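Number of protein chains: 2
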Amino acid sequence: MSSSNASRRPTMEDVAEVAGVSRGTVSRVLNGGHYVSPDALTAVQRAIRKTGYVVNQHARSLVTQRSNSVAFILSDPQDRLFEDPNFNILLKGCTQALAERDITLLLTIAGTQEDRRRVGRWVTAGHVDGVLLVSEHAGSPLTDELRSRGLPIVAAGRPIGHEREISYVAADDRDGARQMVNYLRSRGRRRIGIITGPTDTPGGVDRLAGYRDVIDEPDPGLITHGDYTQASGERAMADLLDRAPDLDAVFVCSDLMALGAISTLHRAGKRIPQDVAVGGFDDSKVAVSADPPLTTIRQDFTRVSTEMVRLLLDSIGTNTRSAVILPTELVIRESA
Amino acid sequence: MSSSNASRRPTMEDVAEVAGVSRGTVSRVLNGGHYVSPDALTAVQRAIRKTGYVVNQHARSLVTQRSNSVAFILSDPQDRLFEDPNFNILLKGCTQALAERDITLLLTIAGTQEDRRRVGRWVTAGHVDGVLLVSEHAGSPLTDELRSRGLPIVAAGRPIGHEREISYVAADDRDGARQMVNYLRSRGRRRIGIITGPTDTPGGVDRLAGYRDVIDEPDPGLITHGDYTQASGERAMADLLDRAPDLDAVFVCSDLMALGAISTLHRAGKRIPQDVAVGGFDDSKVAVSADPPLTTIRQDFTRVSTEMVRLLLDSIGTNTRSAVILPTELVIRESA
DNA sequence: CTGAAAGCGCTTACAG
DNA sequence: CTGAAAGCGCTTACAG
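Read top to bottom, the protein sequences are chains A and B. What the first sequence shows, in our numbering, is residues 1 to 336, in sequence order. What the second sequence shows, in our numbering, is residues 1001 to 1336, in sequence order.
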């Protein structure tokens, strides 16, 4: 509150003087209060309040070699991710989980090659203790660089091809896909198409694998790919209708693409779900407001972010690698 | 690249040794290369490359008293903002505008009272050189605290009641509203309702003012309020239909609320725009996919973020206050 | 339990 | 143009 010199920020020295102790004692109070007498403790606490002292993080970091902050790196050529509602939940979840531990999240977007260089430099400038990596595609060019710097990393989603090297938290994509396709079959559907994500993402590879787990020898004409955008869902659905006009269900590997698929089906005069049942993936916000509301697979992104933070903080201390797979669940609405 | 001791990060001392100069010279090279001989310059540059040296930001900040980072503070009781597409564009725009200047954005969410205390402490811990403040409501409790710390602040949107004190960047809400209402009148509409934002936000106050600018003595039955959510748009529209069943147009002060209004109108059997013309505000993503596509007022959030960053960086050096009002424009689609 | 002192890795007058 | 030195504000053995 008050301070003798209004223009200068109080330092530990000031606190020590007011409290009548040494700088070292003030520091001990700040760092847990061990080896401090009750008298000294109260004196210091009072002095802190009186001077309005706040620790200088840079000075502290310089000696502890810890910054108490982690980077949230969005690394993807198209930064479409930023418009993805799932991404939002992830970012928010991580920010809050970290805030609870008084750790700051630094947000970074590394879309272009140059961005990535800058981020690489920056991350190694001691700015952060670890990295939360969100990337749509496997083998993001940044991954190797960060790894070579020995920085703890936790990825969102299975980092295809790097599973042994970096920690990650993912939803059980394969099982989710299995649940959906099993459900569609249980409703009597026999010609079940699939629109997967890009083939270098878990949403492409693993969800297709789940589909194949249920359907023995799938007709190749029933399989197609999108890029998670609504527009790609429209196109893929048109393609599917072309190649398999008799399909009676489609599993679309993201809610957003499912929206696109639905509009194509509407235009083609198909009733949902009577003529074609539609299943999505994500249970994002759009699932509820879709017409008809979307039967989909829920993945809990808030949980994903909590786990990512936990893993990262663990690995900052211990340098261990680990992976967490979270369960997915079927949410039944009206589209299937 | 290579380094004699793999486990230790190279310091300026290491670079100096390799280059055969003093630490001071290395520092001068790093800080612009003034007062450095060509020979020394190349030697140092080579040594930097050889050692893989990266500056330690904490050490630098400790002496310069500058952190080269700014906080992006999302301060609002309901952190609904986070789900707002406009907010997304703002965050992305700021991140990128800052990145170009090698300045880091620290993302902070201060929803609860406790969050705000934490953020206050944190901001004053020397973490940041300035603050980008995004808050839905005027007089965010954080504003005063930050101001009392003498930290440069730039707000997004007019900070009602604090216009003389803190810098801000805003779209011309009032003029945007005028444009829309004028347009509706030019289309022959005479009973024009309005659904404003909360009355303590510019989207509540200023857009209503613009409406009043055009409509001399508005029927109070034509004026109602929402809270920017889609659900509130539904409710407000129902209310409006109740009180003024004969209205032939409605200006809804956000696209999201307009979506809600549209669904209420549909349920009431009204044709859009034949029976009731609907105008929105924002020109956000949903405007295009609305049914029918929304006639709305565009505000350019990318531009807002660029200007916010510019103002903040200016004011960090000079401690000046200023405000920027950006133009809005009418985008005509099918809803009106 | 406590203080004095070294040291974290930089920048910046100062003297030359 | 350059080096030696002080100092930014902390933490942490070390000795007591």
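Simulated from the structure, these hints should not be mistaken for laboratory data. Take these hints with a grain of salt, some might be off.
Which chain B residues stay away from chain A? Per the calculated CB distances, all over 12 Å, these [unchecked claim]:
#1 Gly1032
#2 Gly1033
#3 Asp1084
#4 Thr1108
#5 Glu1114
#6 Ser1186
#7 Asp1213
#8 Ala1268
#9 Asp1291
If you want a taste of the chain B side facing chain A, the calculated C-beta under 8 Å gives, among others [as the list claims (entries may be wrong)]:
#10 Thr1011
#11 Val1054
#12 Ser1061
#13 Lys1092
#14 Gln1096
#15 Thr1104
#16 Ile1109
#17 Asp1115
#18 Leu1222
#19 His1225
Bear in mind the structure is a predicted one, so any value in this text is a computation, not a measurement. Each residue gets a CB set at the ideal place from its N, CA and C atoms; glycine is no exception.
Task: Violations among the numbered hints, reported as their numbers in ascending order - done: 3, 4, 5, 9, 10, 18 and 19
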